[in-house]
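Novice: Here's the letter readout for the chains.
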Amino acid sequence: MRYDVVVVGAGPAGSRTAKIAADNGCRVLMIEKRQEIGVPVRCGEGVSKKGLKELGIEPESSWIAADIKGARIYAPNGKHVLLSEEQAGGEVGYNIYRDIFDKSLAKQAGKSGADIMLKSSVFEVIKENNKIKGVKVKSMGENLEIKADVVVGADGFESQIGRWSGIDTSLKQNDVVPSLQYTMTNIDYTEYNDFYIGSVAPGGYAWVFPKNNEANVGLGVQLSKIKERGDVKKHLDRFVEKKFPNGKIVRIVAGCVSVCAPIEKTVGNGVLLVGDAARQIDPLTGGGIINALICGTIAGEVIGNAVKKQEFNETLMEYERRWRAELEDKLYRNWIAKEKGTTLSDEVFNKIIEALSGYDFKKISTTEILRGIQSKYPELMKEFEGLI
Amino acid sequence: MKVDKTKCMYCGSCVGTCPKNAIFLEETNIVFNRELCIECGVCEKVCPVGAITAE
Numbered sequence: 000m001r002y003d004v005v006v007v008g009a010g011p012a013g014s015r016t017a018k019i020a021a022d023n024g025c026r027v028l029m030i031e032k033r034q035e036i037g038v039p040v041r042c043g044e045g046v047s048k049k050g051l052k053e054l055g056i057e058p059e060s061s062w063i064a065a066d067i068k069g070a071r072i073y074a075p076n077g078k079h080v081l082l083s084e085e086q087a088g089g090e091v092g093y094n095i096y097r098d099i100f101d102k103s104l105a106k107q108a109g110k111s112g113a114d115i116m117l118k119s120s121v122f123e124v125i126k127e128n129n130k131i132k133g134v135k136v137k138s139m140g141e142n143l144e145i146k147a148d149v150v151v152g153a154d155g156f157e158s159q160i161g162r163w164s165g166i167d168t169s170l171k172q173n174d175v176v177p178s179l180q181y182t183m184t185n186i187d188y189t190e191y192n193d194f195y196i197g198s199v200a201p202g203g204y205a206w207v208f209p210k211n212n213e214a215n216v217g218l219g220v221q222l223s224k225i226k227e228r229g230d231v232k233k234h235l236d237r238f239v240e241k242k243f244p245n246g247k248i249v250r251i252v253a254g255c256v257s258v259c260a261p262i263e264k265t266v267g268n269g270v271l272l273v274g275d276a277a278r279q280i281d282p283l284t285g286g287g288i289i290n291a292l293i294c295g296t297i298a299g300e301v302i303g304n305a306v307k308k309q310e311f312n313e314t315l316m317e318y319e320r321r322w323r324a325e326l327e328d329k330l331y332r333n334w335i336a337k338e339k340g341t342t343l344s345d346e347v348f349n350k351i352i353e354a355l356s357g358y359d360f361k362k363i364s365t366t367e368i369l370r371g372i373q374s375k376y377p378e379l380m381k382e383f384e385g386l387i
Numbered sequence: 000m001k002v003d004k005t006k007c008m009y010c011g012s013c014v015g016t017c018p019k020n021a022i023f024l025e026e027t028n029i030v031f032n033r034e035l036c037i038e039c040g041v042c043e044k045v046c047p048v049g050a051i052t053a054e
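So the protein sequences, as listed, match chains W and F.
For the first sequence, numbering that gives the first Met the number 0 begins at 0 and goes up steadily by one.
For the second sequence, numbering that gives the first Met the number 0 begins at 0 and goes up steadily by one.
Treat the hints as calculated values from the structure; they're not laboratory data.
It is possible that part of the hints are untrue.
When the alpha-carbon atoms are kept at most 30 Å apart in a straight line, the in silico DSSO-like pairs for lysine-lysine are as follows [said to hold, decoys possible]:
id	chain 1	residue 1	chain 2	residue 2
1	W	K362	F	K4
2	W	K350	W	K339
3	F	K19	W	K132
4	F	K1	W	K102
5	F	K4	W	K135
6	W	K110	W	K137
One side of the interface only, derived from the structure: several residues of chain W facing chain F at Cβ under 10 Å [said to hold, decoys possible]:
id	residue
7	G88
8	F156
9	S158
10	L222
11	K233
Quick look at which bits of chain F chain W covers, simulated, 3 or more residues with Cβ under 8 Å [to be verified]:
id	segment
12	13-21
13	41-51
Note that beta-carbon positions come from the ideal geometry of N, C-alpha and C, so glycine has one too.
Start from the sequences, fold in the hints, and give me the full structure.
Specialist: Here's what the structure looks like:
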């Protein structure tokens, strides 16, 4: 089999890359190891309305579970600060059904002409003269060799394509947040996405994202702060017992989030990485959908050019330049803020939330948070040296 | 390394975190390469549900 482009992984990054590359005239194959696109869900399922709009992705009622008014951030002492959608910088918007959302994106790729292959695991990349030339796939019991000019690793947190192609995607323990989430019913639902910071979730946070007659209740802990096996589940069970003693669990979601600074390199000769595989997640919020779609769009356009020119080394570097121009500064800044945040005590978090709840700001950002703290607790500012 | 298949959610947390790329996820199968393992124990800690015992 031969294609211009093979995309490994059919999440948002993969489907978007596949669609845009197909729209730009490429012959595309998208490979997914699972038997159903979007399943199992591995996500808190919140997505920014603004982000979708800027990408030209029309909201569909089939995947919208709830329309969210804003975010509430809870301090360890139970006090909170309320952020409207605008103040949260468009970080909240819709809570979605990720399985249906992912399928919708895959259908768009299919409609643009991309072929899709399910229940197929890539187990090797084909290399010739230092160029990636395709992949070897185990597909429904059959071993296949698929040749392609460009291989796209959209294979998520557990990405193999990058590592097999000599791109370093390894993570430090400070930059990994294993997470667990229960989708629960029989609890009180609100119109806000709630975040709980402090020792409830060391180095991470707990969240409650309401959906239609259910809510995603989840928690992530920084890997370096995990003491023993099963800590994440213990923390979540404790949180749920306290918050929702009568809640019933209808789904369990496990997964891991990378919260690192931008990695050195996401492109090799004949290969590029997109989405979680390229560690493009926002390190402060752990949100990855919009960034995956932005980078997938850029990847698809750049691959389209490369296929037209039939040049797959220098031309692909354009992807590196363009996604970094769009996202790198923010990712780096939010990584610094995350690094700082993971060192703070519950007492400091209490003061920060108290300061913020009395401070009138337009849009949340590290600078605005610091201004809020300075207005109320100037003596706390020494905690944030280097961030200003 | 031992995986308790009655607990494993096949989420890939151990796969992406393993510093030696010694763990591989097929659809609902965790494949472990003993030759690459350096016994660092990080897979045991990263598993959200505690399904892994590092030996």
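Novice: Of the numbered hints stated previously, which ones are contradicted by the structure, given in increasing order?
Specialist: 1, 4, 7
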